[in-house]
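Chemist: Please work from the sequences and hints to get the whole structure.
First to last, the sequence lines map onto chains A and B.
Residue 1 is where the first sequence starts when you use full-length UniProt numbering, and the numbers rise one by one after that.
Residue 1 is where the second sequence starts when you use full-length UniProt numbering, and the numbers rise one by one after that.
Hints are all accurate, no fakes.
Where chains are identical, the list cannot tell them apart; a pair therefore holds if satisfied intra-copy or between any two copies.
With a Cα cut of at most 30 angstroms, we get these calculated DSS-like pairs of lysine-lysine:
| no. | residue 1 | residue 2 |
| --- | --- | --- |
| 1 | Lys157 | Lys218 |
| 2 | Lys221 | Lys105 |
| 3 | Lys105 | Lys218 |
| 4 | Lys105 | Lys76 |
Hint data in this document are derived by calculation from the structure and do not stem from the laboratory.
Quick caveat, the model's predicted, so the values are computed rather than measured.
2 protein chains.
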Amino acid sequence: MSTKAADAAGRPQGRRIAVLAGRGDYPVRVAGAAVAQGASVYVAVLTGAGDPADYAAYDAREYRLGQLGRFLDEIKRRQIDEIVMVGALPRPSFGSLAPELSTLKYLPHFARAFQGGDDHLLRGVVSFFEGQGLRVVGPVDLAPDLVAPVGALGRHKPAAVAREAIATGFNLLAVLSPFDIGQAAIIADHRVVAVEAAEGTDAMIERVAGLVQAGRLKPGKGDGVLVKAPKLGQDLRVDMPAIGPETVARAAAAGLAGIAVKAGSVLIGDRERLATLADASGLFIEGVA
Amino acid sequence: MSTKAADAAGRPQGRRIAVLAGRGDYPVRVAGAAVAQGASVYVAVLTGAGDPADYAAYDAREYRLGQLGRFLDEIKRRQIDEIVMVGALPRPSFGSLAPELSTLKYLPHFARAFQGGDDHLLRGVVSFFEGQGLRVVGPVDLAPDLVAPVGALGRHKPAAVAREAIATGFNLLAVLSPFDIGQAAIIADHRVVAVEAAEGTDAMIERVAGLVQAGRLKPGKGDGVLVKAPKLGQDLRVDMPAIGPETVARAAAAGLAGIAVKAGSVLIGDRERLATLADASGLFIEGVA
Chain A
1 MSTKAADAAG RPQGRRIAVL AGRGDYPVRV AGAAVAQGAS VYVAVLTGAG
51 DPADYAAYDA REYRLGQLGR FLDEIKRRQI DEIVMVGALP RPSFGSLAPE
101 LSTLKYLPHF ARAFQGGDDH LLRGVVSFFE GQGLRVVGPV DLAPDLVAPV
151 GALGRHKPAA VAREAIATGF NLLAVLSPFD IGQAAIIADH RVVAVEAAEG
201 TDAMIERVAG LVQAGRLKPG KGDGVLVKAP KLGQDLRVDM PAIGPETVAR
251 AAAAGLAGIA VKAGSVLIGD RERLATLADA SGLFIEGVA
Chain B
1 MSTKAADAAG RPQGRRIAVL AGRGDYPVRV AGAAVAQGAS VYVAVLTGAG
51 DPADYAAYDA REYRLGQLGR FLDEIKRRQI DEIVMVGALP RPSFGSLAPE
101 LSTLKYLPHF ARAFQGGDDH LLRGVVSFFE GQGLRVVGPV DLAPDLVAPV
151 GALGRHKPAA VAREAIATGF NLLAVLSPFD IGQAAIIADH RVVAVEAAEG
201 TDAMIERVAG LVQAGRLKPG KGDGVLVKAP KLGQDLRVDM PAIGPETVAR
251 AAAAGLAGIA VKAGSVLIGD RERLATLADA SGLFIEGVA
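Modeler: What follows is the structure, given as structure tokens:
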């Protein structure tokens, strides 16, 4: 048995992975991690989300969502059998897809997927790619150091009042899961002060900052926690919650004591950088097992 | 047996009720309803919330929260044995009470009550007045026509998609109750788009209006529902959810199809006026049994 460049059917050896790249630097890091592991990587940069300039070193091409058919033809031609979707993508409207001719035949599948929450839409996307014979892998399968570890990320640790808030927060997120919402909430002053739904985590933190500024909320010292976790049953291959430097800055501006995330299930990007930022802002970032 | 002006102990006959009046016209209406029922009414207008001018026709006096002791002395002097608290009151901070000497002895009770959510604070207030020998009655006991009846209030009725959203919304509010939040939520486009916590219902509706304006939400025709209900176990004597003309105007501005409230448990004020407004705005207001 020797390592071969191709198998008996003449198929190239080694993983062949398509990276569907949305906004941010996660797709760049995931593509880099995959290449570092010896995989052959093809990057599809999504128009309006990813920046093609970030992928100058890669085999990459820009696609609109409406060019799905063209994308599929290309990855079949390249005998790619794995796909990873990573990076933020604004929820598109079905009407804005502007499908090319090669994409039209796939529309009925997506018409249904759009009739529901984000979970439903993503399940539809996953089942679509699986139906095309692709294996959908998660970014963390390729780059495990992108997620929050267990314990404090930086120097600060949650006080007792914050630990209580964290427990309440995770319980709350759990009951919200069946409603396809609840990736984040803020607990302060011994009560739930904000729940995220369609507005997103950033807007929710800003709302709390506004309540604090208006004197309607007065978190005590060591109090005020942003909790963030995936929804129960959320498919972490395609939909991971994430925090980053902006989250830390916003949480600090809102007067929160820290951020608690579900360890192993929330993207944190560059953990050294985030720990440094948290330390400088006086915030804890706690990965809860 | 004849009607007497006083009982054997020389106590005056007829109900003697103190109205603790917060913001809005509910306290005015409740005071009026109590007087119409032959009760003797004493109105305590809360500084910064109620307007003493609204009570020119009543036996009324303005009180700061820190004048609780003075208020209690007065109602004991008047042999008042029932109290109704009605009208919006911004959640005070314990530190802002500025208690008078006669109030200081009651502070320990309230120090604990302030350590928690609104429910907890209100339970503390109720238990305080009950401990003082007063019967706490609800505004609806005195003025039952202030709450939403079962069925459509105006001409418009919820379509099938809205009925589904209403069911989802009430289920959501029920699971949020143990967390002392969840008086209101908005369901649109087949998903939960906003959950109320500390920001209040008006701010939540405005947030959804903003998402619609930004194109991040596109409720279909007949879709988009504000649901509002008391929390499970909420003490309706002292804490009833309410909708009013502004709620209807905001819901219309957010592009919602209507408002669903728990019948018998949500204040609607002048129902003729609200029905007329709903009709003019094309919205339904549905009381759900």
